[in-house]
Amino acid sequence: MTEALTLLATIILGSVAAGLWRVLRGPAPADRLMAAQLLSTGAIAALLLLGAATGDPALLDVALLLALFGAFATVAFVLGARLARQR
Amino acid sequence: MSAALQFLGLLLAAAGAFFFVAGSAGLIRFPDQLSRLHALTKADNLGLGLVALGLLPFAAGVFAALKLLVIWALVLLSGASAAQMVAERVRAAEPPA
Amino acid sequence: MILDWLLDGMVALLILAAALWTLAAPTPFAAVIGFVGFGLLASLAWVRLAAVDVALTEAAVGAGATGVILLQSAVRLRRGAAEVAAATPGRATTLLAGLLAGGLGLGLALAVLALPATVPGPAAEAAARSAEVGLGNLVAAVLMAYRGLDTLLESIVLVFAVLAVWAMGPDRHWGGIPGPRFARQRDGPLALLARWLPPVGIVIGIHIAWVGADAPGGKFQGGTVLAAMWVLAWGAGLVRPPSVADRRVRLVLVAGPLGFLLAGLLGAVLDGSFLAWPAALGKPLLLLVEAAMTLSVAAALALLVVGPPERRA
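Chains as they are written, first to last, in the numbering used here: chain A, 1 to 87; chain B, 88 to 184; chain C, 185 to 497.
Hint data in this document are derived by calculation from the structure and do not stem from the laboratory.
Heads up, the beta-carbon is just placed ideally off N, CA and C, and yes, glycines get one too.
Careful: at least some of the hints might be erroneous.
Claimed, not checked - So, partial list: chain B residues that the calculated Cβ filter (under 7 Å) puts toward chain A:
1. F107
2. L114
3. R116
4. D119
5. L121
6. H125
7. L140
8. L142
9. V149
10. A152
11. L156
12. L163
13. S165
14. Q171
15. V177
16. R178
Unchecked claim - Take a look, some chain B residues computed to stay more than 12 Å from chain C by CB distance:
17. A90
18. Q93
19. L97
20. L98
21. L99
22. A101
23. A102
24. F105
25. A112
26. P118
27. Q120
28. V157
29. A160
30. S168
31. M172
32. A174
Claimed, not checked - Okay, the calculated bits of chain C under chain A, using three or more residues with CB under 8 Å as the criterion:
33. 366-378
34. 448-459
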């Protein structure tokens with residue numbers, strides 16, 4: 001069971017890491033944001049799986065924080081764009 | 088009973104992993120931003136949702152199970168709002184059709 | 185076993201890749217996104233190293249708060265392109281700095297690899313006696329009791345950082361409202377997020393700060409979450425920052441360090457040494473200081489994001 005859960009975490013992390021190619025490539029800021037968002041969700045999924053695999057309840061709290069901050073890069077980007085337009 | 092439930096959970100989590108793989112492939116391969124956004128939201132909503140559901144039989148207690156669901160709900164809320172904000176920016180940048 | 189190696193190796197390689205991208209990125213925005221990704225991956229690495237306390241800090245401060253502060257800075261810097269270009273070091277200086285930093289990193293890595301398997305030091309004794317402080321979380325016990333002075337000074341550094349940011353404002357705006365003003369969002373995704381996330385986030389922030397006594401978590405992580413929730417409401421135009429002259433703001437800002445200092449002095453009077461937690465008052469006093477510190481960390485981080493005073497009160 002533990003191996004299966006760790007394997008799933010590795011697969012998810014590997015796939016969203018491949019998505020990081022979009023952070024490199026862009027071309028638009030929105031593409032980079034999307035890749036970062038995917039990495040964040042993938043990291044949350046990996047943390048949940050690893051938490052179940054290791055039985056450490058604290059990993060859920062790390063996932064909780066990442067879930068809470070998931071949209072903040074996008075929010076900061078949108079606010080920055082508003083700020084740039086105001087000036 | 089619990090072993091059977093855990094096996095079922097594992098299957099659900101594996102389905103979730105499939106959506107992550109599909110979402111990443113879409114993010115890399117799709118030709119325009121709005122399609123890529125579509126791919127991303129599938130991984131966000133379905134991928135993580137299936138993983139969270141699948142892990143419920145592994146949860147240490149009711150509180151831990153609730154936390155799993157809260158995490159999913161938070162990602163749904165953040166993912167949906169972030170996707171809308173990105174889409175607004177993409178449409179603002181496009182010339183009107 | 186092989187799977188663990190595969191997972192850890194992948195995380196390590198990805199961290200290096202994200203770090204290289206952050207350095208090589210073509211625009212400040214791209215670099216910040218690389219940095220946020222780096223923070224997420226570093227958080228995972230800390231989890232794999234069984235340092236969940238650090239993972240929580242990295243998730244909140246590294247991937248969350250620092251990303252927002254850096255993005256705001258990138259936007260502010262756009263207006264001063266000429267000054268930024270003038271202050272950017274040349275290729276030779278950058279290369280030299282890179283070589284120095286790389287050499288230092290390599291040296292540190294070699295030093296870590298050369299460490300003996302069992303490290304002599306006060307760690308074992310600290311672990312054995314952590315129950316005396318009344319904290320089940322060893323990291324919290326070390327931070328509050330054994331390295332209390334470090335934690336006190338860290339909390340004071342945050343106050344100085346806010347003062348430094350305030351000092352960036354022009355004289356005529358002193359005593360005014362800090363930061364730009366964002367239009368109030370009546371509907372749309374930002375309004376939705378800013379109304380739904382903070383109620384949940386505040387509960388989670390307090391939860392993280394509270395469980396810090398017995399499980400991974402604590403005031404810095406919890407305070408960061410609280411600050412982020414306020415920043416979200418501010419960005420959606422739902423709340424206005426108070427003026428920098430407001431006494432209540434200043435009080436919240438210094439409550440944590442001041443409480444810590446007073447508790448330390450109390451220890452000096454009752455137990456004969458500064459920052460010795462008096463056994464009689466032990467845990468309640470500690471919780472009081474932690475609560476004040478959580479508020480101060482939240483206020484300081486929020487004010488750091490908001491920036492210097494920009495208009496009259």
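Please verify that the nearest CB of chain C lies beyond 12 Å from P118 (chain B)'s CB. holds, 21 Å
Status of the V149 (chain B) interface restraint (C-beta, 7 Å, chain A): violated, 13 Å
Against chain A, with CB atoms and a cut of 7 Å, does the hint on R178 (chain B) hold up? violated, 10 Å
Since L99 (chain B) was said not to touch the interface, does its Cβ keep a gap of more than 12 Å from each Cβ of chain C? holds, 20 Å
Interface hint for L140 (chain B), Cβ within 7 Å of any Cβ on chain A: violated, 11 Å
Claimed clearance of chain C by V157 (chain B), with the beta carbon kept past 12 Å: With a cut-off of 12 Å, V157 (chain B) comes too close to chain C, as the shortest Cβ separation is near 7 Å.
Is it correct that the beta-carbon of F105 (chain B) has no partner in chain C closer than or equal to 12 Å? Given that every Cβ of chain C is farther than 12 Å from that of F105 (chain B), nearest at about 19 Å, it holds.
Beyond 12 Å from every chain C Cβ - status for A174 (chain B): violated, 9 Å
Holds or violated: the hint that L114 (chain B) contacts chain A, with Cβ atoms closer than 7 Å. holds, 5 Å
Given a cut of 7 Å on the nearest C-beta pair, is the interface hint for Q171 (chain B) held or broken against chain A? violated, 9 Å
Closest CB-CB distance from A160 (chain B) to chain C, is it above 12 Å? Label violated. Min Cβ-Cβ 8 Å, cutoff 12 Å.
If you take the shortest Cβ to Cβ gap from L121 (chain B) to chain A, is it below 7 Å? violated, 10 Å
Checked against the numbered hints above, the structure breaks hints 3, 4, 5, 6, 7, 9, 10, 11, 12, 14, 16, 28, 29, 30, 31, 32, 34 and satisfies the rest.
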